[in-house]
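Chains A and B, in that order, are what the protein sequence lines are.
Going by numbering that gives the first Met the number 0, the first sequence opens with residue 0, and the numbers climb by one from there.
Going by numbering that gives the first Met the number 0, the second sequence opens with residue 0, and the numbers climb by one from there.
Just to be clear, a hint being listed does not mean it is correct.
Said to hold, decoys possible - DSS-like, lysine-lysine: derived pairs with alpha carbons at most 25 Å apart:
no., chain 1, residue 1, chain 2, residue 2
1, B, 654, A, 17
2, B, 189, A, 203
3, A, 2, B, 320
4, B, 261, B, 497
5, B, 654, B, 306
6, A, 7, B, 654
7, B, 399, A, 93
8, B, 638, B, 307
9, B, 262, B, 638
10, B, 261, A, 125
11, B, 540, B, 551
12, B, 399, A, 2
13, B, 306, A, 125
14, B, 563, A, 19
15, A, 2, B, 318
16, A, 28, B, 512
17, A, 2, B, 319
18, B, 497, B, 551
19, B, 399, A, 95
20, B, 262, A, 28
21, A, 195, B, 189
These are computed hints drawn from the structure, not numbers from a lab.
None of these values were measured; they are calculated from a predicted model.
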Amino acid sequence: MEKTINIKVKVWRQAGPKAKGAFVTYDLKNISTDSSFLEMLDVLNEQLVANRQEPIAFDHDCREGICGMCSLYINGHPHGPDSAVTTCQLHMRKFKDGETITVEPWRSHAFPVIKDLVVDRRAYDKIMQAGGYVSVNTGGVPDANAIPISKVAADEAMDAASCIGCGACAAACKNGSAMLFVAAKVSQLALLPQGKVEAARRAKAMLGKMDELGFGNCTNTGACAAECPKSVSLAHIARLNREFICAKLGD
Amino acid sequence: MAKIEELLNGDIITAKIPEGPLAEKWTNYKAHQKLVNPANKRRLDVIVVGTGLAGASAAASLGEMGFNVLNFCIQDSPRRAHSIAAQGGVNAAKNYQNDGDSVYRLFYDTIKGGDYRAREANVYRLAEVSNAIIDQCVAQGVPFAREYGGLLDNRSFGGAQVSRTFYAKGQTGQQLLLGAYSALSRQVQKGSVKLYTRYEMLDVVIIDGRARGIIARNLVTGAVERFAAHAVVIGTGGYGNAFFLSTNAMASNGSAALQCYKKGAWFANPCFAQIHPTCIPVHGTFQSKLTLMSESLRNDGRIWVPKKKEDAEAIRAGKKKPTEIPDEDRDFYLERRYPAFGNLVPRDVASRAAKERCDAGFGVNPTGLAVYLDFKYAIERLGRDAVEARYGNLFQMYEKIVDDNPYETPMMIFPAIHYTMGGIWVDYELQTSIPGLFAIGEANFSDHGANRLGASALMQGLADGYFVLPYTIQNYLSDQIQVPRFSTDAPEFVAAEKEINDKIDRLMKIQGKRSVDSIHRELGLVMWDFVGMGRTAEGLKTGLARIQEIRKVFWSDVFIPGNKNDFNVELEKALRLADFIEIGELMARDALNREESCGGHFREEFQTPEGEALRQDDKFSYVSCWEFQGEGKEPKMYKEPLDYEFVVRQTRNYKA
């Protein structure tokens, strides 16, 4: 029942942040089409270790598509050719026997390479720290049902909040913009009464931080939403723009 | 008040349960605990290790209060902690559905669900603060599911007869963690929390009997660094990855807990591990992890295997499809055995029932280790759209992994290791047996007894982090205000760092022939076969002997490529595996000691004629607290008696 394929994997290898990198091609035989892309890399790494070589460093953790840790550019697409999945949920049945698969780290100026396929994404944390929250302390808050929220708004906020912070949007963008990431948080909180109070300040602070960290600007090409593993919609960028303009007009 | 049965160097360590009626204990505690005044708070440093629900909520809350917090995270961002993967929901006793829920009922369900092996006072406090968690999360902007009227929606979950579970699609853990991460980010911005990402704690530093800091490795540079503080909080999750294949994330590990144990903190009930009934079955030797399908699927899915062995055999051989088996030839074994709870029995009961059917030859995938979870009936009853609205993202996930459409053919599921109820022993204040060392969330043992109910892990992680630890730690810190900041040049820090560096050097020098994963996989198989769902004295003894052999292989034949002063994933994994081997041994030892069946711990020698777990309350109504005695020596066990003052212990019955 199990199908297997033979493939070549062309991987970016880079010893450290300042080292010169290069592609190295590896042969892999009898890869089960039921295995995930990362399990294929596990097999490759076991092979490298057996040959007393250093395995390929790549980020991964939950392996169920939710932590946002995995971050591979596969055949020119963040998270590979399948739609609406993270790299860990991409399966080898999406590839053909004999295919050469190209694997690169995230392409983004703001996410520098640490080693091989691992990049530094702390820039996203810094954007969050600039304002991605409702300023409430623990305790002393009203009953959860004190403020009714329409189901439509709550559902839309949930869609925005499904962002996993993986960085695919910025990596896919020709401008290297983090707009979809920023929009997801700004939009989620602007849709809810709890977040509305600080909406103007939040939009300005998060966008300001995004610019400061060297992310590019948005020209609405839509690559981010097309590559987003959680299908976060471009409509959230529209809402972010509206929030930002309102905030600026209020200044 | 429960006292540990034996004494340690003459000191009596007690669980410090406050006096008074159950419902007043926490209120009384808070009324009389010592506080730290605002000016002193900023002179006190607290290390919090871990940024999951417990760690992030604790770090954020302590930062808000004015303490100076150092927060460590193994991933590149706090938002990646494995709490994020929890799907189903979070329990609270709000009784918004008017179905008879109350703090007492949530307490009672949790105590009963834990098979009467948890502390009454801890569990009552958990139920008591559960409502505040929901309030807090809503205030943070967590987008819980709502009804059309704008109020919060609830769903039911295994082991309960009320609908008390709050949820955000199938991504509740994600949304709660992002709420805590937001609160944490706010404190980082304010400067009250300093974040250390891609750092892994390798040791806890003890000075004059108190926890005063940690040794952590910078995973990017490989540097081993020292950090000092007035108190250390461990929120590093569970140790389920001792089984290699589990629903835990790849980096989830038990090392921080085990290092605390080696420095004198007791490890409590290590054998209590939860096997979750609804995971995608194992399908190949290349497999790296098991994926959980939310327990909420059991609300509408019906679990079955064929009634006739020949049907099961035909399905296994690929000659028959499940859809070809008529209803009368399907054995809905949970509904048959447990009419009152049906498919919603607690996890341990559901897992064992699946194992029993598969062992009897009714399993349905090529390995014979799977049962069906069928949505045909829900689709007939509710329509496909309603099923899609409830479970769409889970169905999509299943289809991506298995390449099979669960709307048309039943899902296949099988139990897998999911959560560890055991962990670092803590008293009522969440303080370990080492003063100044605290443990929160899954890392401690405190609230779930021998089995955890669904949607209670999120509740406990956030209860500990937001509403319990920030109070109880002050009772400790209040007499530390005169203690100046420690220098990391203290001899204890130097010695701890040297010990870690020596261990790393020793590992790097082995240069054997085995990869870390190949040894870990071997350990996992031994754990599953001998320390898994059905345990026997003989099997556990075999397991212990096999673990010893694996330890020898590891320390003589492991191969770690690369350099220690570098980003070195194989070295990270090796350090964790060294500890998993110790944990595996401790689990087997504890399981061997506990000659009864309770919750997730099933000793085949102790079962009723119907195959249900048989507790031995007269002999084993205690927490086993293991104390490290040195490398190669047998650990010593203390017993903390579990006195039930308020609840009458019964045999768990989900039949009627």
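Do the hints match the structure? See the list:
no., hint, result
1, B/654 x A/17, "violated (65 Å)"
2, B/189 x A/203, "holds (18 Å)"
3, A/2 x B/320, "holds (20 Å)"
4, B/261 x B/497, "holds (16 Å)"
5, B/654 x B/306, "holds (21 Å)"
6, A/7 x B/654, "violated (56 Å)"
7, B/399 x A/93, "holds (10 Å)"
8, B/638 x B/307, "violated (47 Å)"
9, B/262 x B/638, "holds (19 Å)"
10, B/261 x A/125, "violated (36 Å)"
11, B/540 x B/551, "holds (17 Å)"
12, B/399 x A/2, "holds (16 Å)"
13, B/306 x A/125, "violated (58 Å)"
14, B/563 x A/19, "holds (21 Å)"
15, A/2 x B/318, "holds (19 Å)"
16, A/28 x B/512, "holds (22 Å)"
17, A/2 x B/319, "holds (20 Å)"
18, B/497 x B/551, "holds (23 Å)"
19, B/399 x A/95, "holds (17 Å)"
20, B/262 x A/28, "violated (47 Å)"
21, A/195 x B/189, "holds (21 Å)"
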